[in-house]
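Residue numbers (this note's numbering), protein chains in the order written: chain Y, 1 to 261; chain L, 1 to 294.
To be clear, the hints were calculated from the coordinates, so they are not data collected in a lab. A couple of the hints might just be wrong.
[As the list claims (entries may be wrong)] Quick partial rundown of chain Y residues pointing at chain L, CB under 8 Å, derived from the structure: (1) K66; (2) L67; (3) V70; (4) T77; (5) L123; (6) L171; (7) T173; (8) S176.
In this text, a Cβ means the ideal position worked out from N, Cα and C, and glycines have one as well.
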Amino acid sequence: MDDNKKYVLECENLGIVFGGLAAVNDFNVKIGEKQVYGLIGPNGAGKTTVFNLLTKVYEPTSGSIKLNGVDTKGQTTVSLSKMGIARTFQNIRLFSNLTVAENVMVAMNQNMKYSLFESTFRLPRYWKEEKAARAKALELLSIFDMQDFADVKASSLPYGAQRRLEITRALATNPSLLLLDEPAAGMNPAETAELMHNIGKIRDEFGISILLIEHDMSLVMGICDEITVLNFGMVIAQGTPAEIQSNPVVIEAYLGKQKED
Amino acid sequence: MSFLNYLVSGLSLGSIYAIIALGYTMVYGIAKMLNFAHGDVIMIGGYMCFFAVQRFNLPPVLGVIIAMLACTLLGIIIERLAYKPLRSAPSLAVLITAIGVSYFLQNAAQLLWSSNPKVFKSVVGNGVLTIGGEGGLIVSHVALLTVVVCVIIMVGLTLFVNKTKMGKAMRAVSEDKGAAQLMGIDVNRTISITFAIGSGLAAIAGVLLCSAYPTLQPTTGSMPGIKAFTAAVFGGIGSIPGAFLGGILLGVIENLAKAYISTQLSDAIVFGVLIVVLLVKPAGLLGKAVREKV
């Protein structure tokens, strides 16, 4: 890749130390436009910590993060959401007492312009914007064919649908980079195949980049343009799926060292 | 007919409790803290209205608006100075701070306005409505106003929480602050607005309370504050309809106990009922048992 290319995300020497333990160390990643990027590694390698650094849930102790060429230093979780990062969670964190449509609409809050005053007195702009937000929410829900469940409580959806709703909610913040934390966790092979298809569809239709953490290798190898492998907080390999699959260091990290005789 | 009279005054007292309880329950639902200074915000609201109307001769409507603005501002300031720095502190620390703020407000009021009780003139006068002629049902204008205002607030708040972006943000924050932030919701602003609304309601409660029971002194807010807190727990803390139901029931039970059993024992009876309810339904009448998230 040449250096003139525009990157959606650039991490340089990113690191965080928890009480003397380097949870992530020297993390370098460049994600281009409309790229699907995989982040893999054994349990406890620091993958979710990277997500938490990118979204400023944790403040990095070293290194820099650039989003669409802009340094994110000093930004907060909320302002980063406005700058175009959205994410889903390893363990589903929907607003379970809100309806499906409300979950999506609440993520669009930042784009709604009416004031407290206008909503108190139900002025025209309130109705107009609430109506538009609902229409937009239904449109987003239709990506995963969920528009018919718009008014049921999020907690009453089956597991797979909750995962899909989390992705829809993240898309509602209008991101340029979508972080998916184990989107296929707990899904059967058929659901995983469908998810894979949908991730591609989201990239194409929304023109966004996707960074995903995943343990399902068929999904990772099937959809990612590039992959980074983490182990004990360190990047141990970076490359295309084919390169990663044949990399001896990666195989060792996953399966252990082969005994030499 | 006297039973109906006791019932009506119970409803009116209960409506005041309900308005105060809404403040407790909203703040608890969103910030997960018990704002024990809430009762004293009521007292401040009472004083603001008192000065506006009885010292500066402003019309009562303006007095109420001034009280609401002052209390809203006070609520935001209290949250910013006392509670916000403790956002990630253990809940016990926040609780003790809230008690501290409560004493601070009471003592500040005592310093500024002395502890001599002031006689508060009802904002709607002392008129009564008689239904059913001689010996019939007597409803004071204040009681009528209180019940109407309480219903309006209840409906308005329900619409606000369910139908507006701010309301949705509040419900999202109450469930999962972290996820809400990641969806671009400003948690601090949401909590500030919650305090502002709760304190504005406290001002209304203060004016209604002082109109019905016209002695105003620095400790005016503490007993109704504690009763309303009880009402919020009674109905299920965190639940808006729960606060309404709890407040009304508490007021009615208190008044009927006073009328038919004993004036001295009425508070004991109220709290006794609370204990029984909590034994049967630990989450309160309309509260949901929440699983602690790990």
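Item to complete: Run the structure past the numbered hints and jot down the numbers of the failing ones, going up.
Response: 1, 2, 3, 5, 6 and 8
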